[in-house]
Amino acid sequence: MKPNDQEVHRLFVGKADRTITPEEHERLSELLKNSAEVRSQWFAFQDAEAALLAWSQREALRREKGVGFALPGAEQAILPARRGGGLRYLGTLAAGIVIGLAAWSIWLRSAERATGNLTAQSEATTSSVAVLARGVNLEWDPALAVPAMNAPLQPGVLRLKSGVAEIEFFRGARLCVEGPAEIQLVSSGEAFCRYGRFSAHVPPQARGFRIGTPKGDIVDLGTDFGLDLNETSPELHVFKGEVELHQPKTAMRMLTTGTAAGLEQPGSTRTLVANAAAFTFSRDLDARVTASGREAFDRWLEASARWNADPDVRLRLDFQDEKGARSLRNVAANGGNIAAGTIVGGNWTEGRWPGKGALQFRSVSDRVRLNLPGEYRQFTLAAWVQLHSLSTRQSQSSLCMSQGIEAGGIHWQVLHDGSLCLGIVASSRPSVTDDYISPVVFTRERFGQWTHLAAVFDMPAREVRFYVNGERLSRHAIKGSVVPKPALAELGNWMPSADYPGSHPVRNFVGIMDDFSLCARALSDGEVRKLAQ
Amino acid sequence: MPDSAEPSPASEQFITLLNASHGRLLGFLRVMLGNSADAEDVLQRASMTIWRKFVEYDPSRDFFAWASSFAFYEAKNFQRTAARSRLHFDDELLQRLADERVPDLEHRDARLAAMDRCIEELDAPSRELVREFYLNNTDVATLAERLGRAPQTLYNKLNTLRRLLGECMKRRLTQEA
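Chains as they are written, first to last, in my numbering: chain H, 249 to 781; chain L, 101 to 277.
FYI, nobody ran anything at the bench for these hints, they're computed from the structure. The reader is advised that the hints may include incorrect statements.
[To be verified] Once the Cα atoms are required to be at most 25 Å apart in a straight line, the calculated PhoX-like pairs of lysine-lysine come out as:
1) Lys571(H) x Lys604(H)
2) Lys281(H) x Lys176(L)
3) Lys257(L) x Lys727(H)
4) Lys270(L) x Lys281(H)
5) Lys778(H) x Lys604(H)
6) Lys257(L) x Lys270(L)
7) Lys176(L) x Lys153(L)
The whole structure should be built from the sequences, with the hints applied where relevant.
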């Protein structure tokens, strides 16, 4: 049968977009084998695709430059600069150092983008200036930002309605904030405090840390000081070291250990004795963080017991096994036919709170082996994880992946761009996987933060759903009709088959996991939200 | 320290040669693998092999011809071992595509240049659609959700654009020939 151009084009885009069916693929192969003309069209089509991709990337770069954000190095990232970068890495490459290889791969990717005169800066960038290190009972004004614990903070305004937050600036200053308070992060060495109570610790490396207030500027010369910005009698208390106080129309004043000053009027003569008792919130923080961690842990224990008793939960790993254990108990009440998981390689560490166990996955050997018999027309996978890195040289990081590529296998993973993917193997020969891919979740800013992930597969409703921290992220129509059968599977890694010859692609997860469940039911939005609390 | 390591003359020569052949190597791999993501992955792997074998490279030979043989084997290997492996061309077809693509690559630059001008002829919303599609790794579902359109409608529109662009490219090339 002679093809028409329309059919040929349809097959070409199907192949390029990976939406082609096995039958169509068969047809495409046949056409390509039998017709020199179709092959020539295929070559031209692929060049056209390359041109469109390159144009899109150039266009995006041009816009980013135009808007002027996120790519600080883009102006100088023209070809010679990139080439120099490549050369710099080559010495390491020759020495066979793994870090060099990663840089090398980044360089190669950037080279592909360099189809025009410009190339994207190959190095990752961040505009963060501080990190939210600790906190208790935090209530942020949701109209502004609501930062997560350990979240990098970018310049901008934060309004703390209540609670105590500890912010560590990248240059080393530590600022404890008691709500209600408003603070604007300006840079890694400067903040503007509008109101609230603040306590600062400025180590020698952060000397020169500057705090602006509506009543004047404070430059810290390596100290501990407290700042109470209330309506009627704002005050600055120096507990240790020296602080410069700059107020409008008056000479700079130097305050030293044990002194304090009223700030209501420039040059106010109200001189006080520093009163540490007014700023105990910062010294109590340790104890309060511990206490609130204990409360959260207790709440988790209670919720945990209820979840384990759910008749549809087939596997629940709570990571509360005895110290040094090399297996993970299945604590699901109805999990009779799923045995304990076997730990290979991974090390025990602390989970979300003191007392909570967790497994750290670091190397390509780290994994938990599971056997998950049975078929699942509906299932929910849920886990608490902290992701520590993603490699551009590694296309996928396993959360939970069935061994090999057998029909019905489940591949739950983080893709290299930070999106989540649930793959259900549709056929092993030819090998076809129905992949459902979420929007990007793990940007660099989310590395190191505890994140609750859930994936719901619901065959009767023909829907796949992804959740992050209890909120639904995306929904996808089910593509195939194969009933999932996870069988032998691994947390944090993937094995191509039991006796795989030679090397195979690396899929290991780098991070921590402290909770994992497999439930034989498609949880509702509300149920997932509860699980993530 | 990576920053202080001096590149050897061999590595400098390698970089220059690989850099010059990079686009053609990708174009070579694309026709076998069908999409750019896989082609990029395979080229990254192949580059490691090519670097390791570089001591055996005879500078009087054409670098692309030499390097493409490693890329070819890497592509075959990739198809065998790719985890989320998809539908693949069989070895016979791969060999034929590889053989014919090498001489075909001399048209590549002209095609890219022609296409660049064709894109500029599109109206702004169509260009926007093309840009979004290729930047988002051809994920139509997410794109459709964001634009509040039906995925199939959007995808049809895109494929019409791709076809028109392909025809425009062909037209420009024959005009210039």
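Would the hint linking Lys270(L) and Lys281(H) be met if the CA-CA limit is 25 Å? Given that 25 Å is the threshold and the Cα spacing comes to 22 Å, the pair holds.
Proposed proximity, Lys153(L) with Lys176(L) (alpha carbon, max 25 Å): holds (18 Å)
Sort out whether Lys604(H) lies within 25 Å of Lys571(H), counting only the CA atoms. holds (11 Å)
Is the hinted pair Lys257(L) and Lys270(L) satisfied, with a Cα-Cα distance of at most 25 Å? Since the Cα atoms of Lys257(L) and Lys270(L) sit roughly 20 Å apart, the hinted pair holds (cutoff 25 Å).
Would you mind confirming whether the straight-line C-alpha gap from Lys257(L) to Lys727(H) stays at or under 25 Å? holds (21 Å)
Does Lys604(H) sit within 25 Å of Lys778(H), going by the straight-line distance between their CA atoms? Distance of about 19 Å is within 25 Å: holds.
Taken at face value, is the distance from the CA of Lys176(L) to the CA of Lys281(H) at most 25 Å? holds (17 Å)
In summary, this structure violates none of the numbered hints.
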